[in-house]
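Undergrad: Protein chains in written order, with the working numbering: chain A, 1 to 353; chain B, 1 to 353; chain C, 1 to 353; chain D, 1 to 353.
Read the hints as simulated data drawn from the structure, not as lab findings. Just so you know, even glycine gets a beta-carbon here, dropped at the ideal spot from N, CA and C. Mixed in with the good hints there might be a few duds.
Stated by the list, open to error - Here are the simulated lysine-lysine pairs, DSS-like style, with alpha carbons at most 25 Å apart:
#, chain 1, residue 1, chain 2, residue 2
1, D, K314, D, K329
2, B, K314, A, K158
3, B, K22, C, K329
4, B, K216, D, K216
5, D, K346, D, K314
6, C, K158, B, K329
7, C, K158, D, K268
Claimed, not checked - If the Cβ cut is set under 7 Å, some of the chain A residues that face chain C in the computed set are:
#, residue
8, A70
9, P75
10, H128
11, H221
12, R228
13, K347
4 protein chains.
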Amino acid sequence: MICFRSDYSQGAHPKVMEALMKTNLEHTDGYGLDPHCEHAGEMIKELIGLSDCEVHMMIGGTPCNITVIAASLKPYESVVALRTGHAYFHETGGVEATGHRIVAMDGINGKMTPELIDRAWEEYEDEHTPLPRLVYISQPTEIGSVYSRTEITAISEKCRERNMLFYIDGARLGTALTSRGNDLGIDELARLCDAFYIGGTKNGALFGEALVIRNKEMNDHFRFMIKRQSGLLAKGRLIGVQFEALLEHGKDSIFFEIAAHENRMAEKLRAGLEALNVGFFSDSQTNQSFPFFPTEVVKELEKDFFFYEWAPEKDGMTPIRLVTGWGTKESEVEAFVKRTAELLEKKKACNPG
Amino acid sequence: MICFRSDYSQGAHPKVMEALMKTNLEHTDGYGLDPHCEHAGEMIKELIGLSDCEVHMMIGGTPCNITVIAASLKPYESVVALRTGHAYFHETGGVEATGHRIVAMDGINGKMTPELIDRAWEEYEDEHTPLPRLVYISQPTEIGSVYSRTEITAISEKCRERNMLFYIDGARLGTALTSRGNDLGIDELARLCDAFYIGGTKNGALFGEALVIRNKEMNDHFRFMIKRQSGLLAKGRLIGVQFEALLEHGKDSIFFEIAAHENRMAEKLRAGLEALNVGFFSDSQTNQSFPFFPTEVVKELEKDFFFYEWAPEKDGMTPIRLVTGWGTKESEVEAFVKRTAELLEKKKACNPG
Amino acid sequence: MICFRSDYSQGAHPKVMEALMKTNLEHTDGYGLDPHCEHAGEMIKELIGLSDCEVHMMIGGTPCNITVIAASLKPYESVVALRTGHAYFHETGGVEATGHRIVAMDGINGKMTPELIDRAWEEYEDEHTPLPRLVYISQPTEIGSVYSRTEITAISEKCRERNMLFYIDGARLGTALTSRGNDLGIDELARLCDAFYIGGTKNGALFGEALVIRNKEMNDHFRFMIKRQSGLLAKGRLIGVQFEALLEHGKDSIFFEIAAHENRMAEKLRAGLEALNVGFFSDSQTNQSFPFFPTEVVKELEKDFFFYEWAPEKDGMTPIRLVTGWGTKESEVEAFVKRTAELLEKKKACNPG
Amino acid sequence: MICFRSDYSQGAHPKVMEALMKTNLEHTDGYGLDPHCEHAGEMIKELIGLSDCEVHMMIGGTPCNITVIAASLKPYESVVALRTGHAYFHETGGVEATGHRIVAMDGINGKMTPELIDRAWEEYEDEHTPLPRLVYISQPTEIGSVYSRTEITAISEKCRERNMLFYIDGARLGTALTSRGNDLGIDELARLCDAFYIGGTKNGALFGEALVIRNKEMNDHFRFMIKRQSGLLAKGRLIGVQFEALLEHGKDSIFFEIAAHENRMAEKLRAGLEALNVGFFSDSQTNQSFPFFPTEVVKELEKDFFFYEWAPEKDGMTPIRLVTGWGTKESEVEAFVKRTAELLEKKKACNPG
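Okay, chain A solo, but in the shape it has when bound (with noise of 0.2 Å):
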């Protein structure tokens, strides 16, 4: 069975195996207050070129977001975000389980924009309605496309005049950077949002993702959040280590590596589904990518590979999702394009119509 059903189904790259076995028999404090953390956040503030904000060793990107928005949010103030959004469609109302509500809009092509922002606060009036104060987006999003500089920059002024803050959910933001299309680095990202988190879980890591804040009111005892939302790893250099393992030389580091694998192995398989004349439903530029297939040709291709049906069945074609990972291998891209070449093939030979 090969699996392209996420990029979070293997352990991690052997390069943070190694770092943990390595550094397994050291002793230190606890709770990320030791030397890997304190280390790897120094790598980061080099990375994004920033000294004047704080590195936080987190243990997921659901703890992440939900820790965030509750520290930086006042009881009566909301998150603006997509309706696809991680944090309003796959969290299980974390969010709203501290007390905020998510006012959902739909994407234009995924994507939140200015006037989604504008609308959205349609919706306030006054001490009726809670009032709209942090803008949620994913960096690529949860479609996998990538938002431009110009997009990032016109969110980001947008959120500057509303008085907002803004928070990029980065869990394949390595895909992002290392994306073809993409003209914004990580320090001009970090420059434009108000906090960011650099995904390790879904880049190589076994988990742990580092989330770098850059505005002190969000900061504020977030230490202390950490622990009441449940995400402080008495192991905590586990994270520190394994972002350190991740980002040792810097741009030329095996984060920048395994991102670029990821996405290089998509396009692989997107150029080989799209030379069969498959359709996809998003315009993907990152690791993963959304064909849809006539249903009776996913069901076949399900016998020898392991992937999500992204969404019901229509007019006959079924969607689906294919995530490529750190350990993605050519031969299986290929032997998945093969696969269904030749089934598209037999349909046709059964329905030459």
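Start from chain A and add chains B, C and D according to the hints.
TA: Frame of chain A, contents of chains B, C and D only:
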């Protein structure tokens, strides 16, 4: 200044005040554990022809909505409501403050439908998404229209099919029940939902709503929930006394008289404006009317009348909300229509084209 | 049945009812944005001699406490209060419902002290523990005693030293201010804390409390918080009208007259019982009295009088709570003392030993 | 620097690391839906001899505690725990963040008893007070002592009598089970409570705890609750893999070996210090030891050893906490005892009196 601002701009109907005066010196136990609340509850059970339900005297509509929802849902469950629904639109995120999402849907002509409920379920997947569990609607709707028996029955059946609770916000229920086109009696309505409330505040009381819960699970330890949500009034009998006054003589009580009066005044108002070719942005059948006028006419009207501008100006027209209350006089309605006629005439004279 | 059950067992003082009747037909804006609330707020500012504060008309004591706490604290901050404090003991965990701990301390003679605050801080360590941030006390205490100027000043200074907010629950503040031994004026009290409320419900109103917030941070978007916590009354002016009636003529107003009457009746009651050698389990100086009697005497008294048993029987004695209200009559007090005398006499006759 | 700081200062036991390495390249489904988690769950069911229960692989102890409590209680229900209990004392109010009170009791020798549970109920009255519903204890206690079978049985029976849930925090359960005086097997413990967890983090894992829920109501939609509380790990199998390694060979597994080693090292440490007439402020039977020393001795020890000062100095003595872990070496224990002996000797020489 003549007031069409709201149906809560005056005090209580004289009979309600009289009942409060008459019982003022009585000593009773507090927090709703008194003979008046008990009696009012019995009157309501008789009115709806149900004995197997619980009636709670609540301090206001928002406490009703939020307490019912917080009491009914498990932490991972969500509410399905319209974006225009009061619990979503005008309660400052009070539902989310109790940890629950409202899945906010765009209404079809201001109404919830079975199709919209199905659409809300499209956001549901598995343990990564909240589980939709309660449908919230208002009868009449926030724009004054009334759900028909067929419409409410369809929602009720969809709820049963989906294993969802069905709760009806009846802040202005009296005006729905006495609306000309209404075909759904309160006894039927009570049987089609799991819980609903009969609004007093906007129907002649100083304050207070009578919450009817038929579903035993929703009623579990409900008084604990009222207190936890800050809604238990020390002199709780005040609500019971008011509902006794409102509901004496059942179907011939002042509760229905007041509601019918509110509707009658609103109909007269709408008829008067329609005769002037004024447009409306909602097809209200109850005591709220939503005409729109050239903005300069609105500004002139505001010198003599007190009302809300309902939405921003568009194409030179501004929609306003006119609400009639228990104390609205026929002469006040006539004054409004007359003044509008003058202003529109004058405007036509200036801009004959 | 003569009632010493509570100071909320009757309706409102006749002057309050008169004011409600007199203003009943006025049209005003809702939700506390009306001239009566405005005026009542001004009267209170004048009474306490402070202009630089905000006054909010609140629907009840529990909404006051919970809204103030939820509005003032960051998510990781906690309240320090007595186990007997109303916000801990009698509000069904409403504070915790907003996400905050109450560090519950055993009082010293029913009172908070600077030493107890220090002791609460012993539970604080670092990001693994909540940060104590607000001290909650009631004046008078829940057992009827009154904090002296020295005592309140000491708490106030400890709060300043510890960077804590100081909030005083004044549900029965009138009785403290008019208590025989009281040496702390309302103007001084206002200056020693960050926020407090003047209770109406137990001091002659139908309902309503006037919340005074001096600390600007605690007042941030406070009306949003009132609404979010379900406490914004549609016909909000009702509270303003009542406080206007209660506070007219300032220090010579019926607010103080009522409180003084409640105290006088309670003193007479205690003096009568003391003359019978009845013991008390608290040294009350206000309108609540806590005598204990042989349990069979309590059972006999319950045939003619309505009151709470305050704690379980111990050594054959049962403590009860007797509360006087604005409407308590001298003859009712006398009747209680007389009947008690008879019952104790009779008991002595039966058990001469 | 020799470390007695905590049992989470090193990485994982070599066999655990080996298992992680060995499975690193496998592809599995995420979020705990994989064969390793499944298998580890089966191993645990076998270990405790129960098939009718659910096992969840949790990311840490705090997420376990908070998720179980949030999933088990209705909004108006509360927890009874010791002030020293981890969920009260060291989780930054995470339980209150989910809306529930912890009724915090002073322990008797650091332990919960049926009498303390009864005392907590004295705070309960009716709808004005939270309803106590779940008893939380840690085995071993936070000060290292172990509940006997008799003690746990008594709590269990009290819970049944009071209709309360009984939950045991087993962060260091291994050390209780292998403690010299322990008379309560894990199979018996499992039957005496409704839910408990087997701690991995402090018993040789990198992280992860195995939560066992016997009570079906507590398990309702539990995975939704894990996600909502941010505790669902993407590469969830990592916890399963670690528990497979820890528990292979059941009662002869390294899980018990590690715990027994931790205890043995701690006993040696205590024996060595006792021989020097050092006093202890708790009668620990597991891997935490709490000796006290003259403060200047503590300061000298801190130059060579890394540990916590446990409480403020009193009468010149400072209590410290010494914790042994899976990697603690006999020579490290000996070094500590030796250095202590030297320092105490030196101090005696200086202050012969």
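Undergrad: Hints first: check each against the structure and report whether it holds.
TA: Status of each hint after checking the structure:
Distance restraint check for D/K314 and D/K329: the Cα-Cα separation of roughly 31 Å exceeds the 25 Å cut-off, and the hinted pair is therefore not satisfied. Using a Cα cut-off of 25 Å, the hinted pair B/K314 and A/K158 holds, with the two alpha carbons roughly 23 Å apart. Pair hint B/K22 plus C/K329 holds up; C-alpha atoms about 19 Å apart against a cutoff of 25 Å. Distance restraint check for B/K216 and D/K216: the Cα-Cα separation of roughly 21 Å lies within the 25 Å cut-off, and the hinted pair is therefore satisfied.
The straight-line distance between the Cα atoms of D/K346 and D/K314 is roughly 21 Å, inside the 25 Å bound, and the hint therefore holds. Distance hint between C/K158 and B/K329 is unfulfilled; the C-alpha atoms sit about 59 Å from each other, more than 25 Å. Taking the CA atoms of C/K158 and D/K268, the gap is about 46 Å. The hint is violated against a cut of 25 Å. Residue-level restraint check for A/A70 holds (minimum Cβ-Cβ distance to chain C is 6 Å; threshold 7 Å).
Satisfaction of the interface hint for A/P75 is found here, the shortest Cβ-Cβ separation to chain C being roughly 6 Å, below the 7 Å cut-off. Interface hint at A/H128: satisfied, since its Cβ lies 6 Å from the closest Cβ of chain C, which is below the 7 Å cut-off. Because the smallest distance between the Cβ of A/H221 and any Cβ of chain C comes to about 6 Å, under 7 Å, the interface hint for this residue holds. Taken as an interface hint, A/R228 checks out: its beta carbon lies about 5 Å from the nearest beta carbon of chain C, inside 7 Å.
Checking A/K347 against chain C: minimum C-beta separation of about 56 Å lies over 7 Å; hint violated.
Violation of the numbered hints given earlier is confined to hints 1, 6, 7, 13; the remaining hints are satisfied by the structure.
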